[in-house]
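**Student:** If you're matching them up, the sequences are chains A and B in order.
Be aware that the first sequence starts at 1272, since it is given in my numbering, and climbs by one per residue.
Be aware that the second sequence starts at 25, since it is given in my numbering, and climbs by one per residue.
By construction, these hints were calculated from the structure, which means they are not laboratory data.
Any given hint could be a false lead.
Straight-line alpha carbon distances no greater than 25 Å define the calculated PhoX-like cross-link-like pairs of lysine-lysine that follow [what the hints assert, rightly or not]:
hint: 1; chain 1: A; residue 1: Lys1460; chain 2: A; residue 2: Lys1558
hint: 2; chain 1: A; residue 1: Lys1313; chain 2: B; residue 2: Lys464
hint: 3; chain 1: A; residue 1: Lys1275; chain 2: B; residue 2: Lys645
hint: 4; chain 1: B; residue 1: Lys464; chain 2: A; residue 2: Lys1571
hint: 5; chain 1: A; residue 1: Lys1558; chain 2: B; residue 2: Lys229
hint: 6; chain 1: A; residue 1: Lys1411; chain 2: A; residue 2: Lys1460
hint: 7; chain 1: B; residue 1: Lys474; chain 2: A; residue 2: Lys1280
hint: 8; chain 1: B; residue 1: Lys430; chain 2: B; residue 2: Lys522
hint: 9; chain 1: A; residue 1: Lys1280; chain 2: B; residue 2: Lys430
hint: 10; chain 1: B; residue 1: Lys452; chain 2: A; residue 2: Lys1313
hint: 11; chain 1: B; residue 1: Lys228; chain 2: A; residue 2: Lys1558
hint: 12; chain 1: A; residue 1: Lys1571; chain 2: B; residue 2: Lys457
hint: 13; chain 1: B; residue 1: Lys228; chain 2: A; residue 2: Lys1313
hint: 14; chain 1: A; residue 1: Lys1571; chain 2: B; residue 2: Lys468
hint: 15; chain 1: B; residue 1: Lys452; chain 2: B; residue 2: Lys263
hint: 16; chain 1: A; residue 1: Lys1571; chain 2: B; residue 2: Lys430
Spelled out, the chains give:
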Amino acid sequence: MALKLADYKTDVHNDWCPGCGDFGIVNALQMALAEMGIERDKATIFSGIGCSGKTSHFINTYGVHTIHGRVLTFAQGGKLANPDMTVVAVGGDGDGLGIGAGHFVAAGRRNVDMTYIIFDNGVYGLTKGQASPTLKLGEKTKSLPSPNTNYNVNPIGLAVASGFTFVARGYSYDVRHLKDLIVKAVKHKGLSFLDVLQPCPTYNDINTRDWYAGVDLAKESMERHSRIYKLEDSHFDPIVHYAEESEVNEKLSQALIKSLEWGNKIPTGVFYQNELVSTFTTRLTDKIPNYLENPPASQKISENGLPTTDVSELLNSLEI
Amino acid sequence: MSVSSVDFTWLIGGPQGSGVESGANIFSKVCAEMGYQIFGKREFYSNIKGQHSYFTVRVSDTNIHSNVNDVTLMVSFDAETIFRHFDEVSSTGGIIYDSELEDVETDRIHTLDSPFKERLHKFLESKNKPFTIAGVLELAKEKGVTLYPVSFKTLLESLAHDVDNQRLRGLIRMYNVIGVSLSLGLIKMPSDSLIHSIDMIFSKKPQIAEINKQVANYSYNYASSKFENFEYRLIGITKQPNTILVQGHYGTSIGKMVSGCRFQSYYPITPASDESVYLESHEILQVQNSRPGSTAVIQTEDEISAMGMMIGAALTGTRSSTSTSGPGFALMTEALGWAGMNEVPVVITLYQRSGPSTGLPTRHGQDDLLFTVFAGHGDFPKIVYASGDIEESFYDTGRCFNYADKYQIPVVHMMDKFLSSSVITCKKFDPNKVSIDRGKLLDKIEGEYKRFAFTGDGISPRSRLGLDDGVFWNTGDESDEYGHISEDPQIRIKMMDKRMSRLDLISKKIIPDDQVVSFGVHDYTIISWGSTKGPIIDAQSMLKKEGINVGFIQIKLLHPFPGEYVQSLLKNAKTLIDIEANHSGQLGKLFKQNVSREIDYFVLKYTGRGMTSTEIYDSLKKIIENKATKREILSHGA
Chain A
1272 MALKLADYKT DVHNDWCPGC GDFGIVNALQ MALAEMGIER DKATIFSGIG
1322 CSGKTSHFIN TYGVHTIHGR VLTFAQGGKL ANPDMTVVAV GGDGDGLGIG
1372 AGHFVAAGRR NVDMTYIIFD NGVYGLTKGQ ASPTLKLGEK TKSLPSPNTN
1422 YNVNPIGLAV ASGFTFVARG YSYDVRHLKD LIVKAVKHKG LSFLDVLQPC
1472 PTYNDINTRD WYAGVDLAKE SMERHSRIYK LEDSHFDPIV HYAEESEVNE
1522 KLSQALIKSL EWGNKIPTGV FYQNELVSTF TTRLTDKIPN YLENPPASQK
1572 ISENGLPTTD VSELLNSLEI
Chain B
25 MSVSSVDFTW LIGGPQGSGV ESGANIFSKV CAEMGYQIFG KREFYSNIKG
75 QHSYFTVRVS DTNIHSNVND VTLMVSFDAE TIFRHFDEVS STGGIIYDSE
125 LEDVETDRIH TLDSPFKERL HKFLESKNKP FTIAGVLELA KEKGVTLYPV
175 SFKTLLESLA HDVDNQRLRG LIRMYNVIGV SLSLGLIKMP SDSLIHSIDM
225 IFSKKPQIAE INKQVANYSY NYASSKFENF EYRLIGITKQ PNTILVQGHY
275 GTSIGKMVSG CRFQSYYPIT PASDESVYLE SHEILQVQNS RPGSTAVIQT
325 EDEISAMGMM IGAALTGTRS STSTSGPGFA LMTEALGWAG MNEVPVVITL
375 YQRSGPSTGL PTRHGQDDLL FTVFAGHGDF PKIVYASGDI EESFYDTGRC
425 FNYADKYQIP VVHMMDKFLS SSVITCKKFD PNKVSIDRGK LLDKIEGEYK
475 RFAFTGDGIS PRSRLGLDDG VFWNTGDESD EYGHISEDPQ IRIKMMDKRM
525 SRLDLISKKI IPDDQVVSFG VHDYTIISWG STKGPIIDAQ SMLKKEGINV
575 GFIQIKLLHP FPGEYVQSLL KNAKTLIDIE ANHSGQLGKL FKQNVSREID
625 YFVLKYTGRG MTSTEIYDSL KKIIENKATK REILSHGA
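Chain A with its partners taken away, still in its complex shape (with noise of 0.2 Å):
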């Protein structure tokens, strides 16, 4: 039976504040899995801390909402025991990128076959917006006594950095293009990552829908000047052809000054992608090489409950 995007929404009363951006990312990654056709049970959304952490609860798949900052150490563990299951994990700015960015930069390393959406805002909203690792160095959002004092983190940069290999932007009041984003960073063969541009309506005052629209620049030049442009509409080329270094080189070089653009131009799409590494499965699969057939979470341990482990060889060569 085929599913339909109903069949991925959960009845759980969504409390997001309206005209939230985190509605635009929920519901891209609804439609995502519906035009993927992932059943229900095969896959897994683990989430982190804060409105975004809620997100699992608003899908009807297997939902993991852990603790703050740690998503990715929860759901790189749920892929490596069961690699059949498809793994988004979702969270905010601050989760991902402050208190845990640590497992950022080791998850990228890694490369696990998943997919990981940063939420960013620039405020850790559900405490009542504070400056978080993305909010500009000086700029003071609404509910900062002062300005910022620290200089920003940048997610695409760093998703470059650490090997991460599919690293793309969306925007999320661009729901389409933001689902197409998913469904080809979750059909990445590795670990991909979406900074998903996402205005907190209550906290964030600088980065607002209307900011991200142009509105501001529109009044200057009496035209219609978003801000949001799509790389794809400009001849960039994001794709790892062959593995030689000059290769791979130029293209996280490229993204990586892509990165930096920001401002009255900001590029959504797709900035880095890498399918020539191996991925965390291949490496475990050279040294046990029947991993993916008989994965952890697959394993016979017991009959009639008694393990059927043989560590016969083992014991007698400690034998005396």
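Given the coordinates of chain A, assemble chain B onto it according to the supplied hints.
**Tutor:** Below, chain B without anything else, positioned relative to chain A:
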């Protein structure tokens, strides 16, 4: 020492990285091959190369479970070992040493730290001896110790000459083998067992084995022909069948393989990482009547990640575990609460070391008991279970996984550095004595599924990520039966009661013998937990030989604490003695909280060195003779 029994302690020391451990491995293997029981123990600094490390191997013809204070034979190829340990050699014992070292002064040894040097100088001054090797050896000799000087350099030179292989001259890395072989020659251990052990240890490097054998034979013959007047002979006894020679972490490692643990995440930390490295070295597993299985061993970026990954893996129905020490466990506690909240069966193997903070990172301690029992914010159920020795830890690992699955809670399996750096002979682990009980883990779902459904016993049938029709939600927030966030006060009461009711269930269901082990209850009875078991039962038998009966109960289930059961076991005990390796008597505190009785005496040690049976024997004698203070503090060991 009675004439009929063998009780021999050998000590080898040297700078870290100089082959002390491999020397000790050869010696242990030879003794075990010759039928003896052994109890070996490694002490080392938090250092890669250069600092003093030493290994004591106690050898006996009966079962032993501990070290004793006295060293029977010390062998040393460096000066520091002599400075640090000469005083431990018993009056009937011997010291084999490199005679080239006789003139070495304490000030030349840069790794002799000043507090130790000051104490030694004061002592030597009081005895009117120079601050040299010759000085301390004179003292040993005056005490009755037999000295066996041998120039390691000359020995190698003459061997090089005899076999016409100049490469052997000055081959300092052979000094450990020389030391072992001289020792074995002195005690007349048959030399073929030495050669056989070298062959086994270097089985993959035949050329290295050959050189080692040459050196071994030569040194062995040197000692057996030239050394005299040593009263100890270890000529071999009948081998006990089904005996294995194991290192400290083998119990939990092999226990995990047999129990079906298929996912282990960890972050490197002493003394826990040996277990994970061993699991990875044996990652492919043979399975009866089935294709091979495997353990995915994942080294993570920190212990928080190790904990998160383990929980993620456990949610798929995989038996999952991590292994860590105090500082790492401290980082895991937030997620421990999540596992408790979400009823996730996981096993955390906690190899304690001396805290607080970094503490004595390569030394022993049992000071994480209260921290572990109370680890995590909020009220949630967990099990804290402690093993007393390596053999026990194999079977306990199986128990811990069963407890985790049956009660759907995190289990902390407490081990420690004393256990992890021991090498012992014990009865071969028997996998047939391990059972696997996965509790209410489901293979298929019928009807509507609620992960946290209210049931009679407080435990809900458990789906796993990826199971057909078994969709559920988890959250660290309070939740309803589906696992969705709920802040409803009535749901809160029901859910808290559901989770916490497990503690009573555990106390009722775990069989009493698995909660507490009684080694007899008498007027004087010891309570203790963990690795003090070995030295305690050895001290118990020492006293028994003198006609003194001292009781001992070993508490294995530390949370939920078996208060009533312990109280009933102790009803005939008049004087209670708490023995543990920490400063505050942590078990005593837990005891007081759960049993309405006072502890009469505390025997405590927090030097970072494990307790010896001699020390426990001595303190028990003091207590019985009414000469002890309320807190007896032990301090033996360099």
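**Student:** Give a verdict on every hint.
**Tutor:** Hints versus structure:
Distance hint between Lys1460(A) and Lys1558(A) is fulfilled; the C-alpha atoms sit about 19 Å from each other, no more than 25 Å. A threshold of 25 Å between alpha carbons decides the hint, and for Lys1313(A) with Lys464(B) the separation of about 21 Å falls inside it, so the pair holds. Using a Cα cut-off of 25 Å, the hinted pair Lys1275(A) and Lys645(B) is violated, with the two alpha carbons roughly 79 Å apart. For the suggested pair Lys464(B) and Lys1571(A), the alpha carbons sit about 16 Å apart, so the restraint of at most 25 Å is met.
Distance check on the hinted pair: Lys1558(A) and Lys229(B) sit about 24 Å apart at the alpha-carbon level, within 25 Å; holds. For the suggested pair Lys1411(A) and Lys1460(A), the alpha carbons sit about 40 Å apart, so the restraint of at most 25 Å is broken. Only pairs whose Cα atoms come within 25 Å are accepted, and Lys474(B) paired with Lys1280(A) is accepted, the gap being roughly 17 Å. This hinted pair checks out: Lys430(B) and Lys522(B) have alpha carbons roughly 14 Å apart, not beyond 25 Å.
Straight-line distance between C-alpha atoms of Lys1280(A) and Lys430(B) comes to about 33 Å, which puts the hinted pair past the 25 Å bound. A C-alpha spacing of about 43 Å is found between Lys452(B) and Lys1313(A), which places the hinted pair above 25 Å, so the restraint is violated. Taking the CA atoms of Lys228(B) and Lys1558(A), the gap is about 21 Å. The hint holds against a cut of 25 Å. Taking the CA atoms of Lys1571(A) and Lys457(B), the gap is about 18 Å. The hint holds against a cut of 25 Å.
For the hint pairing Lys228(B) with Lys1313(A), the CA-to-CA distance comes to about 47 Å; that exceeds 25 Å, so the pair is violated. For a cut-off of 25 Å, the pair hint linking Lys1571(A) to Lys468(B) stands: about 15 Å separates their Cα positions. Restraint check for Lys452(B) and Lys263(B): the C-alpha separation of about 13 Å stays at or below 25 Å, so the hint holds. For the suggested pair Lys1571(A) and Lys430(B), the alpha carbons sit about 18 Å apart, so the restraint of at most 25 Å is met.
Violation of the numbered hints given earlier is confined to hints 3, 6, 9, 10 and 13; the remaining hints are satisfied by the structure.
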